[in-house]
Amino acid sequence: MAGHKTVETTGLLGWIDQRFPLTSTYKAHLSEYYAPKNFNFWYFFGALSLLVLVLQIVTGIFLVMHYKPDAQFAFQSVEYIMREVPGGWFIRYMHSTGASMFFVVVYLHMVRALIYGSYRKPRELVWIFGVGIFLCLMAEAFFGYLLPWGQMSFWGAQVIVNLFSAIPFIGPELSIWIRGDYVVSDATLNRFFAFHVIAIPLVLLGLVVAHVIALHEVGSNNPDGVDIKTKKDKYGRPLDGIPFHPYYTVHDIMGFMGFLIIFMAIVFFAPEMGGYFLEFNNFIPADPLKTPLHIAPVWYFTPFYSMLRATTDDFTWVLAGSAVIAALVMFIRSKGLVKLIVPVVLLGVAVLLRLIDAKFWGVVAMGGAVVLLFFLPWLDYSPVKSIRYRPGWHKTLYGIFFANFVVLGYLGTQAPTDVFNLLSQIGTLIYLGFFFLMPVWSRLGTFKPVPDRVTFHAH
Amino acid sequence: MIKKLLCALALLITCNAASAAGGEFPLDRAPNRINELTSLQNGAKLFVNYCLNCHSAASMRYNKLNDIGLTDEQIRTSLLFTGEKVGDLMMGSVGVKDGKRWFGVMPPDLSVMARAKSVNAGPTGSDYIYTYLRTYYRDTSKPTGWDNLAFPASAMPHVLYERQGPRELTTIVTHEHPAPGGKGPATWERVTTTYDSLGYVTSKTEALSNYRGAASTEHKFKSLDTSRTSAYDNDIADLTAFLTWMSEPIQQKRKQIGVWVLLFLGLFFVVAWRLNASFWKHVK
Numbered sequence: 001m002a003g004h005k006t007v008e009t010t011g012l013l014g015w016i017d018q019r020f021p022l023t024s025t026y027k028a029h030l031s032e033y034y035a036p037k038n039f040n041f042w043y044f045f046g047a048l049s050l051l052v053l054v055l056q057i058v059t060g061i062f063l064v065m066h067y068k069p070d071a072q073f074a075f076q077s078v079e080y081i082m083r084e085v086p087g088g089w090f091i092r093y094m095h096s097t098g099a100s101m102f103f104v105v106v107y108l109h110m111v112r113a114l115i116y117g118s119y120r121k122p123r124e125l126v127w128i129f130g131v132g133i134f135l136c137l138m139a140e141a142f143f144g145y146l147l148p149w150g151q152m153s154f155w156g157a158q159v160i161v162n163l164f165s166a167i168p169f170i171g172p173e174l175s176i177w178i179r180g181d182y183v184v185s186d187a188t189l190n191r192f193f194a195f196h197v198i199a200i201p202l203v204l205l206g207l208v209v210a211h212v213i214a215l216h217e218v219g220s221n222n223p224d225g226v227d228i229k230t231k232k233d234k235y236g237r238p239l240d241g242i243p244f245h246p247y248y249t250v251h252d253i254m255g256f257m258g259f260l261i262i263f264m265a266i267v268f269f270a271p272e273m274g275g276y277f278l279e280f281n282n283f284i285p286a287d288p289l290k291t292p293l294h295i296a297p298v299w300y301f302t303p304f305y306s307m308l309r310a311t312t313d314d315f316t317w318v319l320a321g322s323a324v325i326a327a328l329v330m331f332i333r334s335k336g337l338v339k340l341i342v343p344v345v346l347l348g349v350a351v352l353l354r355l356i357d358a359k360f361w362g363v364v365a366m367g368g369a370v371v372l373l374f375f376l377p378w379l380d381y382s383p384v385k386s387i388r389y390r391p392g393w394h395k396t397l398y399g400i401f402f403a404n405f406v407v408l409g410y411l412g413t414q415a416p417t418d419v420f421n422l423l424s425q426i427g428t429l430i431y432l433g434f435f436f437l438m439p440v441w442s443r444l445g446t447f448k449p450v451p452d453r454v455t456f457h458a459h
Numbered sequence: 001m002i003k004k005l006l007c008a009l010a011l012l013i014t015c016n017a018a019s020a021a022g023g024e025f026p027l028d029r030a031p032n033r034i035n036e037l038t039s040l041q042n043g044a045k046l047f048v049n050y051c052l053n054c055h056s057a058a059s060m061r062y063n064k065l066n067d068i069g070l071t072d073e074q075i076r077t078s079l080l081f082t083g084e085k086v087g088d089l090m091m092g093s094v095g096v097k098d099g100k101r102w103f104g105v106m107p108p109d110l111s112v113m114a115r116a117k118s119v120n121a122g123p124t125g126s127d128y129i130y131t132y133l134r135t136y137y138r139d140t141s142k143p144t145g146w147d148n149l150a151f152p153a154s155a156m157p158h159v160l161y162e163r164q165g166p167r168e169l170t171t172i173v174t175h176e177h178p179a180p181g182g183k184g185p186a187t188w189e190r191v192t193t194t195y196d197s198l199g200y201v202t203s204k205t206e207a208l209s210n211y212r213g214a215a216s217t218e219h220k221f222k223s224l225d226t227s228r229t230s231a232y233d234n235d236i237a238d239l240t241a242f243l244t245w246m247s248e249p250i251q252q253k254r255k256q257i258g259v260w261v262l263l264f265l266g267l268f269f270v271v272a273w274r275l276n277a278s279f280w281k282h283v284k
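Chain order of the listed sequences is D and E. To convert, note that position 247 of the first sequence is 247 in the numbering used here; the numbers rise steadily by one, no gaps. To convert, note that position 208 of the second sequence is 208 in the numbering used here; the numbers rise steadily by one, no gaps.
FYI, nobody ran anything at the bench for these hints, they're computed from the structure. It is possible that part of the hints are untrue.
What the hints assert, rightly or not - Computed footprint of chain D on chain E; a stretch qualifies when at least three of its residues, placed anywhere within it, have a C-beta under 8 Å from a C-beta of chain D:
{"hint": "1", "stretch": "52–62"}
{"hint": "2", "stretch": "103–114"}
{"hint": "3", "stretch": "171–180"}
{"hint": "4", "stretch": "235–242"}
{"hint": "5", "stretch": "245–255"}
Unchecked claim - Sample of chain E residues lacking proximity to chain D, with all beta carbon distances greater than 12 Å (derived):
{"hint": "6", "residue": "R29"}
{"hint": "7", "residue": "I75"}
{"hint": "8", "residue": "S118"}
{"hint": "9", "residue": "N210"}
Here a beta-carbon is modelled for each residue, glycine too, at the ideal position from N, C-alpha and C.
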């Protein structure tokens, strides 16, 4: 019969399945999606990211019911939510804690990708969507932070939007276009509200769906970096795989509970987190005539803020020098067309580094630090995926990179001094060097043999 | 190079404290009276009587005071003076234009001041308020006739001066005095300044020879009516507790609820953990 599809299910479910791929989707992505059985602690953070995203959206919806996106009423409306909306304080604290925890969870999720090589072939697209999500998350947090209209909200937005004025030629006009005014004002607040509530959440949701679909298309990586699809049983099921549902659904429920204990402990006992989750200066209504002594972004942006501040005029000499050295090395070691183009481009960059204002290069360094992540799958030349089978000193290098990121974060919270500036510059070089030199160092050393089955100990 | 880096690292760890000490007045710890309803009620009385004329608390409704044990009737008879209703917000009496004209700056809204004045990894806003209201001293050279140690050149006069009573302040500053004309070594001197109870300043400078100590600043208040001053300190503790409560009225309740939430989550975590184990024991 034309248009009649035969399905295995019956009744209401059968009716739906003839018109919508419900059971087939459930099987493909849950009950018959085979994930490696050796997932460890690092593998909680993807699901936790999804939990926090849902949390932010739900608490966000309830906040938007009472928040007023008007410069005159915004600050007061947040206090109204805290005091007079039943449970409003709870929703507000969940949203503010959720914002910080989102970054904690996403940073740890990215650490997992880095140490186990989850960004490598064939998962490059999963990684690219992921970095896109990270960029959107940073934008979402930035736009959201203006909404309480406190001193830190206002001046943080003022500083960051002013950075766009550093772009040659189009900068100042671009800044006015972004702000909707000559300074951050009611116009800015309204459009940031629209971005924060509608535009970016939609993009985020789309990217998250794409991220998971791309992952499911190729299957998950695992701590050993072993491809589980090479060894299958007679039914075509990977020997080292287990169905996501029920094994990882029940595993992730346990993970959610553990996370919620930490999350709720913060919400109920330390929502300000010593001024790092809810900044104290933000309890003063925005005053365009009074600049705070110490403007700093929220903690999750501080590593990148450090890199921005580190890029002084002197530092551009260091960067230009590095570009020249890189040009020389590329000229000596490459062949053919690359031998001509790449050194010329690098020398051009070196010249521009000294021609254009350091302020612009600070913005480039800050943005470039994130954009650099996109290229990671093509920078890693290691013959093995997972850190478990790399030479010992690779582990040290990763450790230095992560510690450096934390140190840069700390430096970003402090007022600039000569010593801190020098340390930020060293930190920036370590960060950039880790990635730019990866094609060199990732192939060096004696690698350990990778097993062909995962290492798993029965529970 | 390594030495430079190690020195930088050492400075990094110690610098934090140094930046906090630089030029800032050490704050006293505000007594913790957030759980004492009588204290909070006394603070509410002081706040409405002394502060609410110039300042506002525009996020706070009068009937929110029910949460600290005051009935609507008590609020109506004792705390409403200018025809407000018990459900109204605590608006101040001074408009923006007048405030700027009279004080140079509009007196800020105090709804969340106890949170705004906190310092990261430092004293809380309550400590600041408690210290601020107790470190006023008379100074005839200032426009209001008063100055403050915690907030130098504050535009706010000492509104509660009658309750504190007359006091004298003695400031002893030990510092290096650069040689005149920049030639020769710097000499150490100790400057003792006294602000008497009417605000007249007397200053005495003595040169210190062979001084081996560090630069220091000391402040000493002498009360001329000690019973008034000690009662005042107690009142300010109450007022500070009230301002702390007002900045987040739900703070005590949220901690109480939090205990139950964490107990529940702990129990649920154990359930989830054992459920997980029951599935995974079948995985070889």
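Here is what the structure says about each hint:
1. 52–62: holds (count 4)
2. 103–114: It holds, with 5 qualifying residues against the three required.
3. 171–180: It is violated: at least three residues are needed, and the stretch 171–180 of chain E offers just 0 whose Cβ sits closer than 8 Å to chain D.
4. 235–242: violated (count 0)
5. 245–255: Since three or more residues must qualify, the claim that chain D covers the stretch 245–255 of chain E holds, with 6 doing so at under 8 Å.
6. R29: R29/E clear of chain D: closest Cβ-Cβ about 17 Å, beyond 12 Å.
7. I75: Label holds. Min Cβ-Cβ 16 Å, cutoff 12 Å.
8. S118: violated (4 Å)
9. N210: holds (33 Å)
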